[in-house]
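For the protein sequence lines, the chains are A and B, in the order given. Just so you know, my numbering puts 270 at position 177 of the first sequence, and the rest follows in order with no gaps. Just so you know, my numbering puts 906 at position 16 of the second sequence, and the rest follows in order with no gaps.
Honestly, the hints are just simulated from the structure, not real lab data. Ideal Cβ positions, reconstructed from N, Cα and C, are used throughout, including at glycine. There may be inaccurate statements among the hints.
[To be verified] Covered stretches of chain B (chain A as the covering partner; in silico rule of three or more C-beta atoms under 8 angstroms from a C-beta of chain A):
#	region
1	1077–1085
2	1103–1115
3	1135–1146
4	1249–1262
5	1279–1285
6	1303–1316
[Unchecked claim] Per label pair, the in silico range of CB-to-CB distance:
#	chain 1	residue 1	chain 2	residue 2	range
7	B	Asp964	A	Val239	56 to 64 angstroms
8	A	Asp354	B	Ala1108	46 to 54 angstroms
9	B	Glu1265	A	Val296	52 to 60 angstroms
[As the list claims (entries may be wrong)] Just a few of them, taken from the derived set where beta-carbon distance is under 8 angstroms, the chain B residues facing chain A:
#	residue
10	Ile1074
11	Phe1091
12	Ile1125
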Amino acid sequence: MSECNLNTFETAWCPGCGNFNILDALKTALCDLKIEPHKVVVAAGIGQAAKTPQYINTNGFCGLHGRAVPPAAAIKIVNKDMTVIIDSGDGDTYGEGGNHFIHNIRRNIDIAHFVHNNQIYGLTKGQASPTTDVGHKTQVQPIGSVNIPMNPILLALSLGAGFVARAFSGDKEHLVSIMKEAIKYRGYAFLDILQPCVSFNKVNTFSWYNKRIYKLDENYDFSDKHKAIEKSMEWGDKIPIGIIYKKEFETYHDKVDFLKDDKALIDLENISSQSLKEYINEFI
Amino acid sequence: MDYNILIGGSAGQGMETLTFIIEKALKRMGFEIFTIRDYMSRVRGGHNFTQIRFGDTSFSSHRDEINGIIALNDETISLHIERLSDNGFIIADESAQYEHKGLKKLPLKSSAKKIGNVKVIGSVAIGSLFKLFNLNLSCVEKVIEELFSSDAASQNITALKEGNNLVDPIYNLNYSKKDDKILINGNDAIGLGVLAAGCKFYSAYPMTPSTSIMNYLASKMQEAKIVVEQAEDEIAAINMAIGASYAGVRAMTGTSGGGFALMVEALGLSGMQELPLVIAEIQRPGPVTGFPTRTEQSDLKFIISASHGEFPRMVIALKNPHDCFYQTVRAFNIADKYRIPVIIVGDQYLADSTCTVTPFDVTKVEINRYLNDDEYIKDKEYKTYELTKSGISPRIIPGKIKGTRVLVDSDEHDEFGKITESSEVRINMTNKRLNKLELLKEELIEPSYYGEEDAKVLILAWGSLDGPVKEAVNLLNNSSDRKYGAMVFGDVWPLPIKLLNEKAKNATTIVNVEQNATGQLASIIMEVTGIRCNSSILKYDGRPISGQEIFNKMMEVK
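Looking at chain A on its own, in the form it has when it is part of the complex (with noise of 0.2 angstroms):
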């Protein structure tokens, strides 16, 4: 762990944010892995989470709002030998993002994507988020939030997902040892990572948290997805936290000839003169 060290320069985040640990459990768990930070791509969007590849000394792609995971998903279909991960918020990827996540779930690419879920919008100061509990009054929700909340869990894994999590940002160790399983997953894994909003978000505090919050045991088989369904509909009085689904299956590149057994994209040689003449003549 000493000569492992990720950290780049001071954050731009709020004292006391979840981002915090959120930051610090991703660089224990890759330095756990024992990953080399330069095969390392953390991707974001924009938003308060999507600053983490700021501030992470790995390779960074700092995109657009709501298109982290374009751009991460083509960076593992150029180069599998580099650990992709997408760090970014609920606005981001729930919001802005949804189609994104939507598809991206389908394309099944080996990539680990966390999102910083705090139920509401942070960076443009506090209105409501797709995960934001009807209710919820903001500056822009004076009424309280109207729409239904999103269910990312039960989403993606409605959606045919191999890996489907949740942790809490104020559990740590727990979050590490999430966000390690998940860039271990052949496949895209998808951890939402409860995290409070110390600025914004006065009613998912801490305390909330914490007083609804458990840790699924050995005892629940995470490879039944009829459970998992029934699993990710809990929420309210009792969260469960950990590892809801997980089961392997094909990702994109088994699917692929050329992307499975060859080396990776980006090291293929150019094709042939001799083969491109041959696709010219194709038009005699």
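With the hints as your guide, set chain B onto chain A.
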């Protein structure tokens, strides 16, 4: 020798195959070809047609007057009869309810039925068509054999012979020349250019008329080892391509105007992150859905200014299939050299029209990636956005050099990629990025020039109007005492101005010919150079403009 055959019917009648067989067979016999495709945005029904122009000299454009029609329904006759030349012929089924001196009512349907496959009706018509020109069928038979399974091929060949016996020749072409050309449309030529450039990642969302680029590349995906990813939307398509570029391969996306409208934020991302990207924008008439399957050049001003903020980009308008191949390769080289987005611009006319061209020369393809390896990094910390004299920062591939970190951002950033709000860094980074535009100006290709060197009447056009304008200028100089010249822009942003300034000085009349309603090229030229066009020929009905049509309209220009 210059003949023009129209084939018309409704969608689903197999016209694309019929057209392909005829043009390919004629091409194999050594004829020069220029074929346009006019189709509706529907899968069945409606009215579609193609026009195959063929002869012994190469054509740069289609022609409006037609010498013959293959009418798969009566509507084809009524819609196009007025363009038929005086001694023109019409091949139609005997059931046609139409009277015309050139109409040959033939038992097309009953012949096909007799052969036992109604689908071979087109081959019966081809048999008759070739007999009318007194051309032998061997090349057609060969094409059919390549195209169909052996059973279907033999039925079609029987149909050919059946059709051949139905008519007597009216022309005697008796032509044979060595076939040394390829027959290709603009989008396939772009596809070949993409492969030649060593592009390994193409992500797109289907949109007519750009989809055929994706189709072509997908057909070569396994062999050429290029990932062709159909994205969930255009926003994903371009963001994926940018991610692939970051990871180090050559990457591209393609779309039409509506899809490009969705991509514009990410166009800026490529500019800001300084990640090379090639985008094909194959125009169709807008706004919004417009005419999905038709042609227009109305996205130029949008493309050169798309996305908020200021960043460098290059825009190359494609003129013909030859250009589509070589300019696509060049687009990748320029994108890599300057770390910028390069947009290649086509339109439906160029995308779908096939013509005979000299096979592309693979020895002329040069790939320059402008990538750095660990030698460059030795003893210093890598900076993604190192401030250099030129503004171009040395680029490395993430994951390849231990101890390096490649950090890219959409936020303003310092040399390391760290987000900043410093005014000094902001100014330096803006200047760094925009200086690339100045460097680009040094390697612009001046427009093509046709006609008299000391022209008094100067035509200005861009992109796919190259062919029609070239033909029009020849017609004009052959039939008038005025001296005509035409300048057709390929590189259009930044705008090359040397030749323009030189020729504009001598001209008394300057006419912009464009397929849009507002004269967008003229507007850009005015903005950049102050040169004003005196007259405009603008066509915006979604149909291509021919050399003859430009000629006619030019004759009205004072």
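Please check whether the region 1303–1316 of chain B has three or more residues whose CB lies within less than 8 angstroms of a CB on chain A. Three-residue rule met by the region 1303–1316 of chain B, so holds; n is 3.
Distance restraint evaluation - Asp964(B), Val239(A), Cβ atoms, bounds 56 to 64 angstroms: Holds, since Asp964(B) and Val239(A) (Cβ atoms, about 59 angstroms apart) stay within the stated range.
Quick one: are Asp354(A) and Ala1108(B) within 46 to 54 angstroms, going by C-beta? violated (20 angstroms)
Interface hint compliance - Ile1074(B) to chain A, C-beta minimum distance less than 8 angstroms: holds (5 angstroms)
Claimed coverage, the region 1249–1262 of chain B by chain A - three or more beta carbons nearer than 8 angstroms: With 6 residues close enough to chain A, the hint holds.
Apply the coverage criterion to the region 1279–1285 of chain B and chain A: a residue qualifies when its Cβ sits closer than 8 angstroms to a Cβ of the chain, and three qualifying residues are needed. Per the Cβ count (0), the hint is violated.
Under 8 angstroms between beta-carbons, do enough residues of the region 1077–1085 of chain B, three at least, approach chain A for the coverage claim to hold? n = 3 at 8 angstroms, threshold three: holds.
Verify this for me: three or more residues of the region 1135–1146 of chain B with a beta carbon less than 8 angstroms from a beta carbon of chain A. Coverage by chain A holds here, the residue count being 5 at a Cβ distance below 8 angstroms.
Can you confirm whether chain A covers the region 1103–1115 of chain B, using C-beta to C-beta distances below 8 angstroms and requiring at least three such residues? Per the Cβ count (5), the hint holds.
Can you verify the interface hint for Ile1125(B): is its Cβ closer than 8 angstroms to any Cβ in chain A? holds (7 angstroms)
Per-residue hint verdict: Phe1091(B), partner chain A, C-beta under 8 angstroms: With a minimum Cβ separation of about 6 angstroms from chain A (threshold 8 angstroms), the hint on Phe1091(B) holds.
Glu1265(B) versus Val296(A) beta-carbon gap, inside 52 to 60 angstroms or not: Hint holds: Cβ distance 56 angstroms, inside 52 to 60 angstroms.
Checked against the numbered hints given earlier, the structure breaks hints 5 and 8 and satisfies all the rest.
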